[in-house]
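Given only the sequences and the hints, what does the whole structure look like? Please build it.
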Amino acid sequence: MNSIDLAAKIRLDAVIMTNRGNSSHVASALSIADILGVLYGGGLKVDPQNPNWPERDRFILSKGHAGAGVYAALAETGFFSTEKLLTHYQNGSTLSGHVSHKGNPGVEFSTGSLGHGLSVATGMALAIQRRRENSRVFCLMSDGECDEGSIWEAAMFASHHKINNLVAIIDYNKIQSLDTIAATLTLEPFEDKWKSFGWNVTQVDGHNHEELEKALSKQSNKTSKPLVVMAHTTKGKGISFMENSVLWHYRSPQNEEFEKAISELSGDK
Amino acid sequence: MRDEFISGLLEIARRDRNVLLLTADLGFGVLDEYRRELPDQFINVGIAEQNMIGIATGLAMEGNIVYCYSIGNFPTLRCLEQIRNDAAYHQANVKIVSIGGGFSYGQLGMSHHATEDLAIMRALPEVKVVVPGTRNEAKAAANYLYQTPGVQYLRLDKSYATDQVEPHEIDLSEWNVLRKAQEVTIISTGGVLEEVIEAADMLSQRGVEVGMISARNLTPHDFKSILEMFAGSKLLISVEEHVRSGGLGGLVAEIVSESELKIRLIRLGVLPRNISTVGSQKYLRNLNGLTAQKLVELVLSNRITH
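So the protein lines, in turn, are chains A and B.
With the numbering used here as the guide, the letters of the first sequence map in order to residues 1 to 269.
With the numbering used here as the guide, the letters of the second sequence map in order to residues 1001 to 1306.
One or more of the hints may lead you astray.
To be verified - Calculated pairs, EDC-like style, for lysine to aspartate or glutamate (alpha carbon to alpha carbon, straight line, at most 16 Å):
(1) K1282/B to E1194/B
(2) K218/A to E55/A
(3) K162/A to D1040/B
(4) K193/A to E257/A
(5) K1224/B to E1258/B
(6) K102/A to E1126/B
Stated by the list, open to error - Some, not all, of what chain A presents toward chain B, calculated at C-beta under 7 Å:
(7) S113
(8) H116
(9) T122
(10) W152
(11) E153
(12) L187
(13) P189
Claimed, not checked - Computed Cβ-Cβ distance ranges for the label pairs, DEER-style:
(14) K102/A to D1163/B: 37 to 45 Å
(15) P1149/B to T184/A: 38 to 46 Å
(16) E55/A to V1165/B: 40 to 48 Å
None of these hints come from the bench; they were simulated from the model.
The structure displayed is predicted, hence computed values, not measured ones.
C-beta: ideal position from N, C-alpha, C; glycine also.
What follows is the structure, encoded as structure tokens:
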């Protein structure tokens, strides 16, 4: 499946899953749908038939609350059945709101508390580098997550140890849980922060697949530094009334809102 | 204990290059030999414990066995969530080692008193808690952690009791019965065992025999064998450099209260009013009633048969 079609499927799945689960974070999943589409639509070296393939690229969703998006990407690319997506949030399900590896092939790492993923991704990347293997490690973080000090501990470590098989992606939608980033705890000058921590920085439109593909390709980093891709995104992307709205961090699409969301995603706006 | 553990670890790491030692910038002088000999298996991550556990988890998920070294509460409480969500939930081979259990760093003040760590780490279902009472047990712990899959917390201590056996004869998954149960049986965890042995000897000189058990782990796999160790006792006294709830005393209470045994339990530990008192390990033990002399008095005043 090409990345555009996959991203569209991820959006549709995420809306259906959060509707059926009466669950939060639909806007967070929509924000990263294109990034996930590009990664699982060919950007990542993975094999759905062999999720533990040693030569695979590793992907960690550090913003675990957008787990619905990753579950959708995995199901749509054959790691498990798409029917399983309907168990999201249901009693006894393995598809928890925050992404979990237990019982879910293809999920590299479980998260849910912010600020954990980058350290683990860095440790994995270091181990792969020590073995002189070629796999890369991708870690998708939220912007608000960068409030956590542990992110910057990992950022220092990764550049100090020249871990250049590590790619951090920031879903820079500029909205966090209660308010905008700017009103909560400003991250700007964000690029300068990463540069001063010793990282290469690429800024892209996080909904433009060509830009994402280029930024995430192996050719994009030929230096000894780790790479951070700052993906400028729109929270709630794809559904007009969810876009750039703090409300939809937590609100679940129900009834008319659900129907309107589905019809917008289906292209009959 | 620290030196014995490090020498044990060095022996293992020489044989297995997947063994890595991470430190959060502590171990001045102590880790020199290891660093010199195995520089590729050593990383000082800097003063960043949360990152240390995350990095260790990532390394472990890629096939390494990673020891994380620090002191006091730094490798446990400071990064508790990384231990819970990252290392333990993923059953990664992450071995957390703290030197300075209890009042080992008594003079350094409250920040360095590791007096709640056992309760907190014991609450994590996937984490095994290992607490040597002697130097050979500390050495054996290096190998026990290596052989045991998943996450363990190893609490080392400045003080220690005299060794009776060689490291290879020690099985840290079992509690050690030093003297079999009597009317009064004392159970301790960690280096404070030295006080218990001294107390038992003093009592013996007065014609009073007490049982003596060293709880070398606080996550026993089987309560039944522990209850058998208690059989015949009327009074158990638990002794630990740790608050009275949640640690050894808490564990013994859990074990006994779910059994048919009718045994009284006195839990000795750190009294809340003394949490921030400064002093040597010996001074702080005395303040909290954890010395041999205090134990002798307690046993004599609580015996039923005379």
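Going down the list of hints, with the structure as the test:
1. Of the supplied pair hints, the one linking K1282/B and E1194/B holds, its CA atoms being roughly 11 Å apart against a limit of 16 Å.
2. Taken as a hint, the K218/A and E55/A pair is honoured in the structure, with Cα atoms around 15 Å apart against an allowance of 16 Å.
3. Straight-line distance between C-alpha atoms of K162/A and D1040/B comes to about 15 Å, which keeps the hinted pair within the 16 Å bound.
4. Between K193/A and E257/A the alpha-carbon distance is near 39 Å, which puts this suggested pair outside the 16 Å criterion.
5. About 11 Å separates the Cα atoms of K1224/B and E1258/B, which keeps this hinted pair within 16 Å; it holds.
6. Taking the CA atoms of K102/A and E1126/B, the gap is near 15 Å; set against the 16 Å cutoff, the hint holds.
7. Hint status for S113/A relative to chain B: holds, with the closest Cβ pair at about 6 Å, below 7 Å.
8. Annotation: interface hint on H116/A holds; nearest CB of chain B at approximately 6 Å, less than 7 Å.
9. Interface hint status for T122/A: upheld, as the beta-carbon distance to the closest one in chain B is roughly 6 Å, under 7 Å.
10. Taking 7 Å as the C-beta cut-off, the interface hint given for W152/A is violated, the closest approach to chain B being about 9 Å.
11. Satisfaction of the interface hint for E153/A is found here, the shortest Cβ-Cβ separation to chain B being roughly 4 Å, below the 7 Å cut-off.
12. With a cut of 7 Å, the hint placing L187/A at the interface with chain B is violated, because the nearest CB-to-CB distance is about 20 Å.
13. For the restraint placing P189/A at the interface with chain B, the shortest Cβ-Cβ distance is roughly 23 Å, beyond the 7 Å limit, so the hint is violated.
14. The beta-carbon spacing between K102/A and D1163/B, approximately 42 Å, falls within the hinted interval of 37 to 45 Å.
15. Checked against the given bound of 38 to 46 Å, the beta carbons of P1149/B and T184/A, roughly 42 Å apart, stay inside it.
16. Range check, E55/A to V1165/B: about 47 Å between beta-carbon atoms, so the 40 to 48 Å window is met.
Hint compliance for this structure: hints 4, 10, 12 and 13 are broken, all remaining hints hold.
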